[in-house]
Amino acid sequence: MTAYFFDSSALVKRYVAESGTAWVRTITAPRASHTILISQIAPIETVSAIMRRKRDGSLPNRTAQAARLLVDRHAIREYKMIYLSNEVSQIAENLLDNYALRAADAIQLSAALEANVKLLASGLAPLTFVCADTRLNTVAVSEGLPTYVPV
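Following this note's numbering, the numbering of the sequence shown begins with 408 at its first residue and continues without gaps.
Possibly wrong hints are sitting among the right ones.
Stated by the list, open to error - The following label-pair restraints were derived from C-beta to C-beta distances:
no. : residue 1 : residue 2 : range
1   : 541       : 472       : 24 to 32 Å
2   : 530       : 437       : 21 to 29 Å
3   : 501       : 463       : 32 to 40 Å
4   : 487       : 428       : 18 to 26 Å
5   : 451       : 500       : 14 to 22 Å
6   : 500       : 541       : 17 to 25 Å
7   : 531       : 472       : 31 to 39 Å
8   : 428       : 545       : 21 to 29 Å
These are computed hints drawn from the structure, not numbers from a lab.
Small disclaimer: the values here were computed from a predicted structure and weren't measured.
We put the beta carbon where it would ideally sit given N, CA and C, even for glycine.
Let's have the full structure, built from the sequences with the hints guiding it.
Structural data, given as structure tokens:
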């Protein structure tokens, strides 16, 4: 069993067909038995991306609404949520001090870093940070996380 942390730029690929969707759906399928970690803000950002596509006409309303329901269901049943704790907030602030990141990206990465610390402390293998944002992946690598770009 492998642990993957999905940032919302990668997670949205499970719900909207685009480059990388097949890989994301394979990894996140329950039968794959992987641990899928997400930050507390990932469902909100994912729904935001889905609804943006609905508004620009590239995704039908019915499809967008079904995807939204799936995001919510998966967040409850299939993903391990990393909450915005004091530790995660402090790590995010430190990232913002050292890198030119958006606040939401700093939160995503700080949640992954905190989850990785806990995995390693438990004697488990490090997680893989899955993200479609090149800049955020570069920072993740600088912070010591293995990354994967779902394309």
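Structure-based check of each hint:
Under the hint 24 to 32 Å, the C-beta atoms of residue 541 and residue 472, about 31 Å apart, fit the expected range. The hinted range of 21 to 29 Å is satisfied by residue 530 and residue 437, whose Cβ atoms lie roughly 25 Å apart. Hint check: residue 501 to residue 463, Cβ distance near 35 Å, so the stated range 32 to 40 Å holds. Separated by about 22 Å at the C-beta atoms, residue 487 and residue 428 satisfy the suggested range of 18 to 26 Å.
A hinted range of 14 to 22 Å for the beta carbons of residue 451 and residue 500 is consistent with their spacing of about 20 Å. Between residue 500 and residue 541 the beta carbon distance is about 23 Å. The supplied range of 17 to 25 Å therefore holds. Look at residue 531 against residue 472: about 37 Å separates their beta carbons, and that is inside 31 to 39 Å. Judged by the Cβ atoms, the range 21 to 29 Å given for residue 428 and residue 545 holds: they are separated by roughly 23 Å.
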